[in-house]
Amino acid sequence: MTDALLNVTGLSAVSDREGGLPVLRDVNLSLRKGEVRGLVGESGAGKSTIAKAILGILPRTVRVTGGWINFKGRDLLGMKPPELRNIMGSEISLIPQDPQTALNPGRRIGVQLADGLRLKRGLSAKAAEARALQLLADVQIRDPDRAMASFPHQLSGGMRQRVLIAAAFAVEPELVVADEPTTALDVTVQKEILRLIRHMQEVQGTGVLFVTHDLGIVAQICDSVTLLYGGKVIEDGPVRSVLENPQHAYTRALIAAGPRYDRPDAGLEPVPEEVFRALRQEIGIR
Amino acid sequence: MAEPITIAAPVAQTRPPSRVKTLLTQPKVLFGGGFILLLLVIAIFAPLIAPKDPLEQDLMLGSLPPAWIDGTEPGYYLGTDDLGRDVLSRLLYGSRIALFVAFVSASLAALIGTVLGLLAGWYGGWTDRIISRIVDIWMAFPPVLLSILLVAVFGSGVHSVIAAIVIIDWTRFCRVVRAETLAQAQLDYITAARTVGFSRMKILTREIFPNIVPVLIALVSLEMGIAVVVEAILSFVGLSVSSDTPTWGGMIAQGRQLIHHTWWLLVAPLAVLFATVLAFNQLGAGLRRALDPVMRR
Amino acid sequence: MDRNLLVATGIEVTYGKRASLFGSGKPPTPVLHGVDIHIGRGQTIGIVGESGSGKTTLGRALLRLVDVSSGNITFDGKDITHIPENEIRPLRRRMQMIFQDPMASLNPRHTIRRILTGPLLLHGIAGDTAEALNRVKTVLDRVSLPAACLDRYPHELSGGQRQRIGIARAVLMQPDFVLADEIVSGLDVSTQAQALKLLKELSTELGLAMAFISHDLSVIRAICDHVYVLRLGRVVEEGPCERVFASPSAAYTRALLDAIPLPEYDPGWLERKTEV
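Residue numbers (this note's numbering), protein chains in the order written: chain A, 229 to 514; chain B, 128 to 424; chain C, -7 to 268.
These are computed hints drawn from the structure, not numbers from a lab.
These figures come from a predicted structure and were not determined experimentally.
It is possible that part of the hints are untrue.
Stated by the list, open to error - Think about it this way: if two alpha-carbon atoms lie no more than 30 Å apart in a straight line, the pair counts; the simulated DSBU-like pairs of lysine-lysine are: (1) B:Lys329 / C:Lys70; (2) C:Lys129 / B:Lys329; (3) A:Lys261 / A:Lys348.
Stated by the list, open to error - Now the stretches of chain C that chain B is said to cover, found in silico as 3 or more residues with beta-carbon under 8 Å: (4) 24 to 31; (5) 109 to 120.
Glycine residues also receive a C-beta, built at the ideal position from the N, C-alpha and C atoms.
This is chain A alone, in the form it adopts within the complex (with noise of 0.2 Å):
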């Protein structure tokens, strides 16, 4: 494949504080140019672990045993700490799960925007602040002017996760890794930053990354997507194949077992447990 941003390869790791277990086993996924894919799975899927790894910031508890990350040719596993350091934040960029805790509290929102064009993109101060402003207009932050002068705290949750989407896309990146942006979100709030990024996305042809629980999510915002138990990959393809002619059980009775709100008897069937121990086997745990 010509347009592949990212590509990982057999990525295998454990976990030093739970004994050695693994907790990615073999994974392969890839990333075209432009292309949004959802991450998925229960909660210790791995799915954050395989961003982390791609992020270079693995807990030191994790150790990779095995198989590559190649961004755009380059290995990013063997890469050394400074030349990591210049992909993340400018051809690589986050945007964290909690608007919380991911700003700074005691700086104004401007400040923090334009640090990272300063230090990235070698910008001058007045050229970053005209550039973060433009930016904060551009994730649809109705008062820009005032957005800069905030404090964070002076902002709602959903007002705070457009700024660090903003941050995010700020350099240009050609990857974006979004991890579970919308969990500590209402649900109106929600649907306006999926289209956020999304838009964004579309208009700067970035690919991203997107983790995530929520199969629903997936269905609305990516093209293709990656379901994961256990470590392992169960199922991969475009998202409409994967929804409506799923290839394993687990991911069948995984779509059946969430409740909706169009049918009154949906979220009340569980996983059957022969599922998951048919499930088990095949992965090999235990």
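Using the hints provided, position chains B and C relative to the given structure of chain A.
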């Protein structure tokens, strides 16, 4: 019904290690507790362990250096002071006053502070306002001056020292326990206890208090270290027990005057004081970690 | 006999009180502005709303865990709005609560045995420890937890298991009414389905009335008969689930429904906007 505990981990069949076992795996507890335990044994059995009588003077054997330096007499391992009293024996006997003051004053301060802190944090309202205001006023006094003043008023002696420490330091416990009680009261397990119908007093003693114990134990341990220092300070200025009873603070005061001549008189008690306070602090930190079921994870 | 078990009318709750000489009082903030709710015997109602809607406060007011500044609450025909704490205590057994965060709602220093048997002995539901233990074991079995749980501390169990302990604790009291506050929001989909199924079964078996608080209309749909939609401290819509979900009358309800992403291919969803 089939076993549907699916992705949830099955309940482990092996019990996690007991409290005592976890305690003993904490290096801080081992080191701090070991040292304090040793000190305790020494204090109790000082008359049996001490090589000499700590009060026996022999001017012929005055100012002897420690055993590893030339010109000493056998049996005087840490040398003697200018009156010929054995330094090691005086140190060993000194631990009696130090530990007595530490245990008694820290326990009493903890008792008073905890009761008031629990009441203030749990009942709130006027109870809280009155107790908190007293604490605020209390803490405005400079502690060292206040303790000297108190002992001067009560008259010197070990009971005055203990009273001074309790009167000053109960506020430490009160503040922390109150804050901790307030924090616990916000948690849903307290609401759960209310929905079950437990009385307020029962919730305080049955639900809240056990969750404060780890913090409390750590504080008590720290306070013992502080009490040792305060006792030493008061002995240093001559306000503790009468000067013929050996105390570390008294020895430091004596050694200070002769620092250029017989340095070991200052260094030996200082080193012991330092190690004791460090041991109490380490023990406190380690205990807190080991006793907290959530932190332990 | 009145068909309604719990009736609340004109509920207003205001947080914070005026500043006093010593305490630094915050200015009073009204959270609920006159909410009416009635819960029939054996009925499950849903209370849905986004953050700041006052749904949690409403739930706690129904159980008299926060004081109302105005309005009336009757439980089984008895006015409980202002009765003192010691008169509520005997009623507590009959109105139970299941909490959002099962970790925070279980005393970390008590074993599961103590957490579950204590209330039974307090209310004399069980005469002695042996009988209490028997009852606990039966209920544990019903919520599919092994008896080995009894000697565990809460942090030694998984999130789903802790949530079942919370359910068991409420059910053990043989209540008439159970308040469930966002109890599945932290759980994975498969664990969530287990908890919802269990609750639905228990409410039928035991004839429980339930109030189910959630931010998620899909969850409400799965388990409730009747729904109240709360916004900024007011009920903006109320009705049987079939009606509200099929044809919502309030614009806000419609906006909430349209904002929920369903796991199905729907290319126009993201761009569809519903104005409130």
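Hint by hint, which ones does this structure get wrong, listed from lowest number up?
4
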